[in-house]
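> Here is how the chains run, residue by residue.
Number of protein chains: 2
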Amino acid sequence: MNLRESYFKDRRVLITGGLGFIGSNLARRLLGLGAQVTLVDSLIPEYGGNLFNIEDIRQRAEVNISDVRDPYAMRQHVRGKDLLFNLAGQTSHLDSMREPEADLEINCKAQLSILETCRHENPAIRIVFAGTRQVYGKPDYLPVDEAHPVRPVDVNGINKAAGEMYHLLYCSTHGIPCCVLRLTNTYGPRMRVKDARQTFLGVWLRRIIEQQPIQVFGDGSQRRDFNYVDDVVEAMLLAASSDKAVGRIYNLGGAEVVSLNQLASLMIEVNGGGKQELLPFAEELKRIDIGDYYGDFRKIEAELGWRPTVSLREGLRRSLDYYRQHQKPYWG
Amino acid sequence: MNLRESYFKDRRVLITGGLGFIGSNLARRLLGLGAQVTLVDSLIPEYGGNLFNIEDIRQRAEVNISDVRDPYAMRQHVRGKDLLFNLAGQTSHLDSMREPEADLEINCKAQLSILETCRHENPAIRIVFAGTRQVYGKPDYLPVDEAHPVRPVDVNGINKAAGEMYHLLYCSTHGIPCCVLRLTNTYGPRMRVKDARQTFLGVWLRRIIEQQPIQVFGDGSQRRDFNYVDDVVEAMLLAASSDKAVGRIYNLGGAEVVSLNQLASLMIEVNGGGKQELLPFAEELKRIDIGDYYGDFRKIEAELGWRPTVSLREGLRRSLDYYRQHQKPYWG
Numbered sequence: 037m038n039l040r041e042s043y044f045k046d047r048r049v050l051i052t053g054g055l056g057f058i059g060s061n062l063a064r065r066l067l068g069l070g071a072q073v074t075l076v077d078s079l080i081p082e083y084g085g086n087l088f089n090i091e092d093i094r095q096r097a098e099v100n101i102s103d104v105r106d107p108y109a110m111r112q113h114v115r116g117k118d119l120l121f122n123l124a125g126q127t128s129h130l131d132s133m134r135e136p137e138a139d140l141e142i143n144c145k146a147q148l149s150i151l152e153t154c155r156h157e158n159p160a161i162r163i164v165f166a167g168t169r170q171v172y173g174k175p176d177y178l179p180v181d182e183a184h185p186v187r188p189v190d191v192n193g194i195n196k197a198a199g200e201m202y203h204l205l206y207c208s209t210h211g212i213p214c215c216v217l218r219l220t221n222t223y224g225p226r227m228r229v230k231d232a233r234q235t236f237l238g239v240w241l242r243r244i245i246e247q248q249p250i251q252v253f254g255d256g257s258q259r260r261d262f263n264y265v266d267d268v269v270e271a272m273l274l275a276a277s278s279d280k281a282v283g284r285i286y287n288l289g290g291a292e293v294v295s296l297n298q299l300a301s302l303m304i305e306v307n308g309g310g311k312q313e314l315l316p317f318a319e320e321l322k323r324i325d326i327g328d329y330y331g332d333f334r335k336i337e338a339e340l341g342w343r344p345t346v347s348l349r350e351g352l353r354r355s356l357d358y359y360r361q362h363q364k365p366y367w368g
Numbered sequence: 037m038n039l040r041e042s043y044f045k046d047r048r049v050l051i052t053g054g055l056g057f058i059g060s061n062l063a064r065r066l067l068g069l070g071a072q073v074t075l076v077d078s079l080i081p082e083y084g085g086n087l088f089n090i091e092d093i094r095q096r097a098e099v100n101i102s103d104v105r106d107p108y109a110m111r112q113h114v115r116g117k118d119l120l121f122n123l124a125g126q127t128s129h130l131d132s133m134r135e136p137e138a139d140l141e142i143n144c145k146a147q148l149s150i151l152e153t154c155r156h157e158n159p160a161i162r163i164v165f166a167g168t169r170q171v172y173g174k175p176d177y178l179p180v181d182e183a184h185p186v187r188p189v190d191v192n193g194i195n196k197a198a199g200e201m202y203h204l205l206y207c208s209t210h211g212i213p214c215c216v217l218r219l220t221n222t223y224g225p226r227m228r229v230k231d232a233r234q235t236f237l238g239v240w241l242r243r244i245i246e247q248q249p250i251q252v253f254g255d256g257s258q259r260r261d262f263n264y265v266d267d268v269v270e271a272m273l274l275a276a277s278s279d280k281a282v283g284r285i286y287n288l289g290g291a292e293v294v295s296l297n298q299l300a301s302l303m304i305e306v307n308g309g310g311k312q313e314l315l316p317f318a319e320e321l322k323r324i325d326i327g328d329y330y331g332d333f334r335k336i337e338a339e340l341g342w343r344p345t346v347s348l349r350e351g352l353r354r355s356l357d358y359y360r361q362h363q364k365p366y367w368g
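Residue numbers (our numbering), protein chains in the order written: chain A, 37 to 368; chain B, 37 to 368.
Bound conformation, chain A alone (with noise of 0.2 angstroms):
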């Protein structure tokens, strides 16, 4: 890693999605570095936002609750910002095929409303966009790099396409500089657990602990590739404090790639014990399936010197052992 951290001293910084998971464990990082951080979230309860993402840094960030779709509150939040970490957005893919409208809300238009907003009020800020995987779909060829077609099978995955292209959008014509990220399964302490709307990763953590069988859909073997959360931190603090990040996109991805089977027995070995089932794919998750997935990182190692650090094992660990000390907060 190569990262400037005296470039995040004293920067003034605007995290949407600020209490979510990702975004609580930016803010923390950011306060380490001596940045001025103000979190936005809207709390909204299918979300990712949680209070007690930031119990232990409440008194250090500014907090607003608010929704990244209110034009007026954003403009405030813009104004006098150095940095934007932009990760307001919804996750689940179910839902989104269910409530296409509401992830259209979001996760497109919110996202074309910041970007004006940032146009009109501070057009200097430096964005970066938590994009995702999802956006490539079922795969042509493995690992995914960022040349493979963009075909997403599930409307999340065409709303965070949208959101993508409005940034690197805004970039090339308004010269706002952003940067987009795709990301793989994040996992760790302070994610989603009381469903799979962040990921299937996070219920397995809860079910484990709680001492259920981790649940498996369909055989098995589908293969996949994590980022500990801490991870992908790094990779957006470079992306925001690197020149050359400015109107690139990124995947990130995992150095280990198993299937779901594996990881479900290595989850047991960690945790000292546990049972896995598996269960028949329901018909809705069959229909957005994209079978294998792992991501080629190459060009972020090559541009920005990421690479994912903490291994699956030594990721698993601290997860469980965070969701053991803080089960009320997250079980809901």
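Honestly, I wouldn't trust all of these hints.
[As the list claims (entries may be wrong)] Some, not all, of what chain B presents toward chain A, calculated at C-beta under 7 angstroms:
id, residue
1, P136
2, K145
3, L148
4, I194
5, A198
6, M201
7, T209
8, R323
9, I326
[What the hints assert, rightly or not] Label pairs and their computed distance ranges (CB to CB):
id, chain 1, residue 1, chain 2, residue 2, range
10, B, R111, A, N38, 55 to 61 angstroms
11, A, D255, B, R105, 40 to 46 angstroms
12, A, D176, B, R40, 31 to 37 angstroms
13, B, D279, A, R48, 57 to 63 angstroms
14, A, Y43, B, R115, 32 to 38 angstroms
15, A, R105, B, R134, 19 to 25 angstroms
No lab work stands behind these hints, which were simulated from the structure alone. The model shown is predicted, which means the values in this text are computed figures rather than measured ones. Just so you know, even glycine gets a beta-carbon here, dropped at the ideal spot from N, CA and C.
Got chain A; can you put chain B on it based on the hints?
Then chain B, alone, in the frame of chain A:
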């Protein structure tokens, strides 16, 4: 062409944007084939709808002035229909940059709403969606085929890309039989000529008839392809009546590729007189300019047997004849 004309006899057909340029020409052709045609149009002044476009067929078609963003009205319209030609949209690139949220409402949100309505009310309806070459942005290579990356350079292109992805998704996951045509510059009778919102060519037609110089922006060397509207209508009928078109994206494209200077000269020749002048690109146009563009239409030719049949010379002649006869309803 291998159009099964009998396919359309007594079919119940809905056309959104039905009072617009392509919609009204399509309606006339469908009525000639014995279809029962319902036209929906919002008649928003900046869009292409014009009651004069259907003056000669008004008694034979059902006309409903309403907005496709109105889910209650759309529910009524979609019920009992066999075919939907989904042509309603905002087409101006510049307007999309000035008012991005309005473009999102019509090209993105309304499309999702229409598809949700079809899913709930009439999932067997066959849909042809009017996409655009604008989704490709600045070409990596020429002619541009359907495998070219989707990388729009304006808000309109992004929202139209989302619109077509929604259609293909509702086809693959909800079984609604959809086909996407990516149109290039389309011209002919009943297009908007009062301004450049439906390509610059409309304005050129108006100006040459007004005996004003044709204004070419830039150095006039940019190459483009064009389709006469009757050819586009045939492509839509083929797409609606061919089973193999379901779930597919097809480029349309012109058989002749010309520079803007060549096009202006040809128009002056066909008109029997006129002038052209070069003007510098306005800054906001330059930013979203795509340079040369022409489309590869071999896929639709191979699969559906479509190719353009009206030469540019003949198409321009028919267009000039039309607007010489009907200035008042179009000059605005």
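> Work down the list of hints and note, for each, if the structure agrees.
Results of checking the hints against the structure:
| no. | hint | verdict |
| --- | --- | --- |
| 1 | P136 | holds (5 angstroms) |
| 2 | K145 | holds (6 angstroms) |
| 3 | L148 | holds (5 angstroms) |
| 4 | I194 | holds (4 angstroms) |
| 5 | A198 | holds (4 angstroms) |
| 6 | M201 | holds (4 angstroms) |
| 7 | T209 | holds (5 angstroms) |
| 8 | R323 | holds (5 angstroms) |
| 9 | I326 | violated (12 angstroms) |
| 10 | B:R111 x A:N38: 55 to 61 angstroms | holds (57 angstroms) |
| 11 | A:D255 x B:R105: 40 to 46 angstroms | holds (43 angstroms) |
| 12 | A:D176 x B:R40: 31 to 37 angstroms | holds (34 angstroms) |
| 13 | B:D279 x A:R48: 57 to 63 angstroms | holds (58 angstroms) |
| 14 | A:Y43 x B:R115: 32 to 38 angstroms | violated (59 angstroms) |
| 15 | A:R105 x B:R134: 19 to 25 angstroms | holds (21 angstroms) |
Checked against the numbered hints listed earlier, the structure breaks hints 9 and 14; every other hint is satisfied.
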